[in-house]
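**Student:** Spelled out, the chains give:
There are 4 protein chains.
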Amino acid sequence: MALLVEKTTSGREYKVKDMSQADFGRLELELAEVEMPGLMSCRTEFGPSQPFKGARITGSLHMTIQTAVLIETLTALGAEVRWCSCNIFSTQDHAAAAIARDSAAVFAWKGETLQEYWWCTERALDWGPGGGPDLIVDDGGDATLLIHEGVKAEEIYEKTGAVPDPASTDNAEFQIVLTIIRDGLKSDPKKYHKMKDRLVGVSEETTTGVKRLYQMQINGTLLFPAINVNDSVTKSKFDNLYGCRHSLPDGLMRATDVMIAGKVAVVCGYGDVGKGCAAAMKQAGARVIVTEIDPICALQALMEGLQVLTLEDVVSEADIFVTTTGNKDIIMVDDMRKMKNNAIVCNIGHFDNEIDMMGLETFPGVKRITIKPQTDRWVFPDTNSGIIILAEGRLMNLGCATGHPSFVMSCSFTNQVIAQLELWNERKTGKYEKKVYVLPKHLDEKVAALHLGKLGARLTKLSKDQADYISVPVEGPYKPAAYRY
Amino acid sequence: MALLVEKTTSGREYKVKDMSQADFGRLELELAEVEMPGLMSCRTEFGPSQPFKGARITGSLHMTIQTAVLIETLTALGAEVRWCSCNIFSTQDHAAAAIARDSAAVFAWKGETLQEYWWCTERALDWGPGGGPDLIVDDGGDATLLIHEGVKAEEIYEKTGAVPDPASTDNAEFQIVLTIIRDGLKSDPKKYHKMKDRLVGVSEETTTGVKRLYQMQINGTLLFPAINVNDSVTKSKFDNLYGCRHSLPDGLMRATDVMIAGKVAVVCGYGDVGKGCAAAMKQAGARVIVTEIDPICALQALMEGLQVLTLEDVVSEADIFVTTTGNKDIIMVDDMRKMKNNAIVCNIGHFDNEIDMMGLETFPGVKRITIKPQTDRWVFPDTNSGIIILAEGRLMNLGCATGHPSFVMSCSFTNQVIAQLELWNERKTGKYEKKVYVLPKHLDEKVAALHLGKLGARLTKLSKDQADYISVPVEGPYKPAAYRY
Amino acid sequence: MALLVEKTTSGREYKVKDMSQADFGRLELELAEVEMPGLMSCRTEFGPSQPFKGARITGSLHMTIQTAVLIETLTALGAEVRWCSCNIFSTQDHAAAAIARDSAAVFAWKGETLQEYWWCTERALDWGPGGGPDLIVDDGGDATLLIHEGVKAEEIYEKTGAVPDPASTDNAEFQIVLTIIRDGLKSDPKKYHKMKDRLVGVSEETTTGVKRLYQMQINGTLLFPAINVNDSVTKSKFDNLYGCRHSLPDGLMRATDVMIAGKVAVVCGYGDVGKGCAAAMKQAGARVIVTEIDPICALQALMEGLQVLTLEDVVSEADIFVTTTGNKDIIMVDDMRKMKNNAIVCNIGHFDNEIDMMGLETFPGVKRITIKPQTDRWVFPDTNSGIIILAEGRLMNLGCATGHPSFVMSCSFTNQVIAQLELWNERKTGKYEKKVYVLPKHLDEKVAALHLGKLGARLTKLSKDQADYISVPVEGPYKPAAYRY
Amino acid sequence: MALLVEKTTSGREYKVKDMSQADFGRLELELAEVEMPGLMSCRTEFGPSQPFKGARITGSLHMTIQTAVLIETLTALGAEVRWCSCNIFSTQDHAAAAIARDSAAVFAWKGETLQEYWWCTERALDWGPGGGPDLIVDDGGDATLLIHEGVKAEEIYEKTGAVPDPASTDNAEFQIVLTIIRDGLKSDPKKYHKMKDRLVGVSEETTTGVKRLYQMQINGTLLFPAINVNDSVTKSKFDNLYGCRHSLPDGLMRATDVMIAGKVAVVCGYGDVGKGCAAAMKQAGARVIVTEIDPICALQALMEGLQVLTLEDVVSEADIFVTTTGNKDIIMVDDMRKMKNNAIVCNIGHFDNEIDMMGLETFPGVKRITIKPQTDRWVFPDTNSGIIILAEGRLMNLGCATGHPSFVMSCSFTNQVIAQLELWNERKTGKYEKKVYVLPKHLDEKVAALHLGKLGARLTKLSKDQADYISVPVEGPYKPAAYRY
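Chains as they are written, first to last, in our numbering: chain L, 1 to 485; chain R, 1 to 485; chain W, 1 to 485; chain E, 1 to 485.
No wet-lab data here; the hints were simulated from the structure. In this text the structure is predicted, and so the values were computed from the model without any measurement. From the three backbone atoms N, C-alpha and C, an ideal C-beta is built for every residue, glycine too. Treat the hints loosely; a few may be bogus.
Here are some chain E residues the structure puts well away from chain R; computed CB gaps all over 10 Å [unchecked claim]:
hint : residue
1    : 24
2    : 44
3    : 122
4    : 165
5    : 174
6    : 217
7    : 307
8    : 316
9    : 342
10   : 469
Quick list of in silico lysine-lysine cross-link-like pairs, DSBU-like style, CA-CA up to 30 Å [claimed, not checked]:
hint : chain 1 : residue 1 : chain 2 : residue 2
11   : W       : 282       : E       : 461
12   : E       : 338       : W       : 17
13   : R       : 461       : L       : 340
14   : W       : 372       : E       : 110
15   : R       : 464       : L       : 282
16   : R       : 464       : W       : 338
17   : L       : 454       : E       : 282
18   : E       : 282       : R       : 282
19   : L       : 435       : L       : 152
20   : W       : 464       : R       : 479
21   : L       : 479       : E       : 461
22   : R       : 340       : W       : 461
23   : L       : 338       : E       : 110
24   : R       : 479       : W       : 367
25   : E       : 367       : L       : 479
26   : R       : 196       : L       : 372
27   : L       : 479       : E       : 328
28   : E       : 431       : L       : 461
29   : W       : 340       : E       : 110
30   : L       : 464       : E       : 454
31   : W       : 435       : R       : 328
32   : W       : 152       : R       : 464
33   : R       : 479       : W       : 435
34   : R       : 372       : L       : 17
35   : E       : 454       : W       : 282
36   : W       : 282       : L       : 282
37   : L       : 328       : E       : 340
38   : E       : 461       : W       : 367
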């Protein structure tokens, strides 16, 4: 795809696959709105006061229908928005088209190259010469990373004149990042500094991105305040758990049409994502085996009737392998070679390095047969036996299906809106330092409360007497900070 | 689509959507073969002796990837095959293309009009002037119906000279059937008699078709032997139950991306299909309410923790409605008007008359908004509230997803192959009269046995002493005929 | 216990453990009545007309609280009743006391010896010199067996003067049966003939008893009509399935207090009982492995995510073993020796020969440590490792807990009442020959219908039009005879 | 029961129901040891070094078989132990007998009066004139409460000469506490001060006790260090959740034999205990309705397919009511009056004030019919309709069954042993102030690890490279402190 920014008739920039899908996207957006009561409540509650008036928000987060409802919630509250996806396969092109046409600057399409991916990220951050966004909505931390790396490079450049050398790393993706920064230095050696200076803060969506933020906080390198949305209960215990419980089978079925009942499914990792995946596979009639490093999570799996073994124990007898760990090198090419013919291997955890895609792609004589986009059969030369890799090792629920359903994303994204509001409203109070914060519990409870009516639930009210008895306010929050749910 | 028969280079007739999808179909066919051990075992066991040599088989059964493996099993055993789909939405075009190119005469595409549908059925039965097929594989009984109606009309025509009058019925589909027969009478007034005379028998796939056959048996109008494949245990207790348990959520997710967890799902009917659907919805985290007429099935639902109410009781509070009854007039337009905005209404049971599509389509002022093919939002004028209808009221798992997965279809289709073999092998022995038969239990058990190895199961063997103790042969069959499983 | 018949003040015979428990029994009986709507409806519907007036009914069926409600339903309908248990451990002594005091002649206590057991059976059949009962309610067929063996012996005795020789069998229990008959011959050589002549018929409760009856029908030796209650859908698909799903964990918990979650449970047999047991263990968090001889049942287990292996495959790694087969020699002493220390071995299927109790008891050097009644630890001399046997290998749910709960037994027992009524009402019409019958489907549906209201269910009614469409009467029955539910 | 301390031949004090049950208790203790790998590992690891040599430990914790294994683990590590139960119904008399005879001073029996209960608590704290215990194992905080109240009263007495006035409260139980303290003041006005001075610390088992401790910490009145064992993940997410999932149906079945399938069960509260209870009821085939005050927990319930309503909404249609809230006044007598006849009402959460027992007992004209101990039917005069109360409103799993099974208690109690060791080992280091602490995560993980082998699990090991990638040590702990599991 030629990397040229296009413009709508109103002059808004964009780059999407097919603008003619905007109507289709709009129809699905309207369906999603009915399923996203948290976001719609935010529009009702905050829309009239336009709290984001004057705020520029850049988002780097899967450009799906659900994200479109988030974006239009931000704009309904007064923000100006630029957006890119945080995964090369996760964009829903009709969602991107609808938003590009109607609401915000979008740079995203399904099936980007890594080169294209980072170009889109750059575009989303590019608010013109006056600097970058006021706020970032990040997922996985790539927008945040680019700014931090950019600032670092600019400092070195200022001191030493040295520019980043893409050849200094053998990580293909990081080479691209360095190239972008290097090329930017030439045109504006203060570009990322200007961004940093303007930035009020970031709200981060996922475990992986949050881990990076805490690491930066520990190292003292974090350049702006961050709100950890992932660890809101209404995010990690809902999106990660119930979202994946929904979208793992969805992805498997769309990609392979395979019967899950009767199969042996190995779920690597039994955190929130793994718990959702294991539950989904068990409920669909598979026999589930869990691999874990953490004895507590392992014992939880056992209490649910799941077997806990090592990958090595089961690699040659299982039918479906799902990585959910947030770590790397979980399933290596040598494991894949021992698998049954047409074993399915997929990742719903984190980056594509959970699965040793590099090892697979470079295995001598291996043959890749693309059944359809995101569904590849890889055949090993010696055995003529093949395995099926979904979404090229990237998040299969976004690559092979449409990600998490609207309702659960409404929980996550309502946290995002509240986090963005919090950062913006407190931008001048100094409340947030260059640290990582979680939202206070009463806001977490509020997010949940906004989602109950849609499901017909009726809450019980504490009497004052009862509230005193357990030492909580009548209107909450109801649990101590460390409560695990 | 212009209704012209095309021909492959080898001269085989076909009419499909897009022959260029044949390669994609072949790849998915190869995946499916690995998941269909019963059919592949038939090829190994019977292929060498070519038992179907000389047999012409016409199939009227959803033209999916799984059916493609069935067709190629029939041809691998020596048969010549012509095929059409038994549902206007159920064809997978890449499957049709692969078969048309490589193996059999196919007349089927996704999204036929009713007119096109019956044209395809005629083509599948059209083996040239010498008469029709030797055997029929039927699903729902449309091929069988056409022959029976044709014979009836020819008899009247012969006696009275009267031809069928399409205007004599207000069933739009039956008008088409009568038109076809009427037009046929002109060219060959013995066409269906010749078919009937040649026909060795039919094997029927589903509850609906089987019901028609028994009715004809009772009325004494059945023209040839029939094997009821539906009531093999390895069909109705597997395909109907576990197949739907898989394909209902698959269809829902592909069509609407809706979060099932937390929703109220109404399953109308708690037979095998309903049991599978209710299990699927419950497992996905929905609250399930069952409607039933049969107190035994109702009590089964209660024992599984499901609520049993009438549609009227819950019509305005549920989110998802699924019909599985095999009856008509289950959800009427007046029910739909009482539903919540964006309630999802779909049918996985039987014909599109389970849902009152006629009433909906003709409701004054109703507006149809097609979100995407097979997913329509219908908006009522008075309330501006809409409901979402899947697959235009037809089988949503075939219309919105890809039907049942290969493994469970392998059970069903292995029964089909065995039934066809049985009819063909006994064609001259008089074993089968013009009645409806089920397969003997030892063949049913054989079908199951062929599917155990793929799932790593190991059977226990009875000792002679144990077999005598319970009065069964060591090698089975193990259960009395009335055993319910 | 001295085997002397006692008498109530009103002159009714009985032999129970402790008459002072009658009040406690009455209280539990009253609770049970609320849970047994089918039986209570029978009292309401039939009580006023006293249909059993003049009928003598002998029952041989676990003397539990639920059976007590059955007995008092029979007496409420006018019958005179004598009762014994059909299992040495299954009597609930407070139930026996309440019935003995208030309603019927009872001969039963928890923990009978085999000698005592058959003495009780004789007493229940002993209606004085004028012959035996008019009707039998049987469970497992022991009352029926005694009469058949008695008649056979009397015939031989009449012809040859030979009496049965207990030494002719090495089955300890059958030796007792022969002794009883032999001793009876001396006092009345026509005793069993008189019984047979009076008998109108038997209704049989379980798979095992039904199997015996069909065997006699095939051999032409059945002496009176029999109704197979077991194969009513509302019996075998409820009592066997949902009853065991409830009572297996109940028995395990009362006997051993063991945590089921996390354990490996082997369920031998996947019929209705096995399905209930496997579901219970899975739901409680165990990992379940099924053993099966029947490939269809095996495939059903696989579809539910259960592993299917042989006992040999898993004998040394499992924690809980449950036999449900209705066959013998399922778990042999050599298997037990390979088990983990404190593995639990129990039977919920059939007689105590599912488990090789004989082999265990006679194993050289084995040591039995009774933890509490019905819970024994058996220690093997070589390994000093022990296994835990429940209920001495007999039905553990009745031996270690209180059997199935009232509600599900109400279904079974309403079938019994209806079967008894049918036999009695038709005693002079010749409707029933010396064959085995099942109840017609409309009665089966009626039994279910009587149980819906208690659970708050509301049935949907067919319209005449719908009923015609599927060719059933509006008021049912709704399914063909072979329908499997 | 006469409240006289008895002595074993070795001179150890005790008061139990029936010393002749000691053998039976010992047999069950031996079974439990096999199921409690964590405790047995502590004996192996720490036993040889006798770390508790010289330590006096008082326990106030349900005197069950599992607790017996805990006690003998403490004594195996060198401690001297005195014990009472923390619930008037929870003692298993055979366990108490075995421990009293063989290992420790026990003052506990099933069915204590409140008077007896506090007498036992006093005895367990009474180590003679030299002061009290060094360490307390507490459950619910009654031992801790007595000391704190005692110290408070002694201070007032010292200052003012005033003694506590039992009439100053209308809480019947607190009247007894005040009486005990008042009477103690006369004999030794420094008794509780001496205790406090000697005390190294307490480890507390449950939510309720922990809540009291944090309250005292906040108020600055906590007199010694406390370790909050409840909030170890391996306690609250196991014992509370999986323990109750096991013991709720166990208690229901033992107390009432009621069929759970098909019933409507209301679970009040959806914390860890409520989650376990709701799961158990759902799995047993009940339809579950949850009541909640916390929107997050409510949304979790919805995601599992449970309905969330208020008690008022469902009070007249449900069959089983379970309180799990840890709060008071959950089910009031006015609610009970609206319930269906024979509705079951029980508490598995906290004190008997979750259910309004006071209101019930004093309701004019109410009639209590004791079916058997811990199972009472209460009949209201106006309706003649009754409800069934389990365990007099106290913890039904302990009152009606045997509490949680050994395996899960091994997790909890291994935390207790580790907490006691930690307090004792650090008694002179000042590590622990008068505050409430939780155990560090690596000890939590260790507890889990000790329980994996028994269940056949095999953990995966992190490579150094992987550990670095996610920034954790190879050997753990693997999760941040706030991780929710």
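**Student:** If a hint holds in the structure, say so; if it does not, say that too.
**Tutor:** Hint check results:
no., hint, result
1, 24, "37 Å, holds"
2, 44, "37 Å, holds"
3, 122, "47 Å, holds"
4, 165, "53 Å, holds"
5, 174, "42 Å, holds"
6, 217, "38 Å, holds"
7, 307, "6 Å, violated"
8, 316, "16 Å, holds"
9, 342, "18 Å, holds"
10, 469, "32 Å, holds"
11, 282(W) / 461(E), "28 Å, holds"
12, 338(E) / 17(W), "40 Å, violated"
13, 461(R) / 340(L), "27 Å, holds"
14, 372(W) / 110(E), "19 Å, holds"
15, 464(R) / 282(L), "37 Å, violated"
16, 464(R) / 338(W), "24 Å, holds"
17, 454(L) / 282(E), "23 Å, holds"
18, 282(E) / 282(R), "11 Å, holds"
19, 435(L) / 152(L), "18 Å, holds"
20, 464(W) / 479(R), "37 Å, violated"
21, 479(L) / 461(E), "35 Å, violated"
22, 340(R) / 461(W), "24 Å, holds"
23, 338(L) / 110(E), "58 Å, violated"
24, 479(R) / 367(W), "39 Å, violated"
25, 367(E) / 479(L), "39 Å, violated"
26, 196(R) / 372(L), "43 Å, violated"
27, 479(L) / 328(E), "16 Å, holds"
28, 431(E) / 461(L), "42 Å, violated"
29, 340(W) / 110(E), "34 Å, violated"
30, 464(L) / 454(E), "47 Å, violated"
31, 435(W) / 328(R), "40 Å, violated"
32, 152(W) / 464(R), "28 Å, holds"
33, 479(R) / 435(W), "20 Å, holds"
34, 372(R) / 17(L), "18 Å, holds"
35, 454(E) / 282(W), "18 Å, holds"
36, 282(W) / 282(L), "11 Å, holds"
37, 328(L) / 340(E), "57 Å, violated"
38, 461(E) / 367(W), "42 Å, violated"
Of the numbered hints stated above, those contradicted by the structure are hints 7, 12, 15, 20, 21, 23, 24, 25, 26, 28, 29, 30, 31, 37, 38, listed in ascending order.
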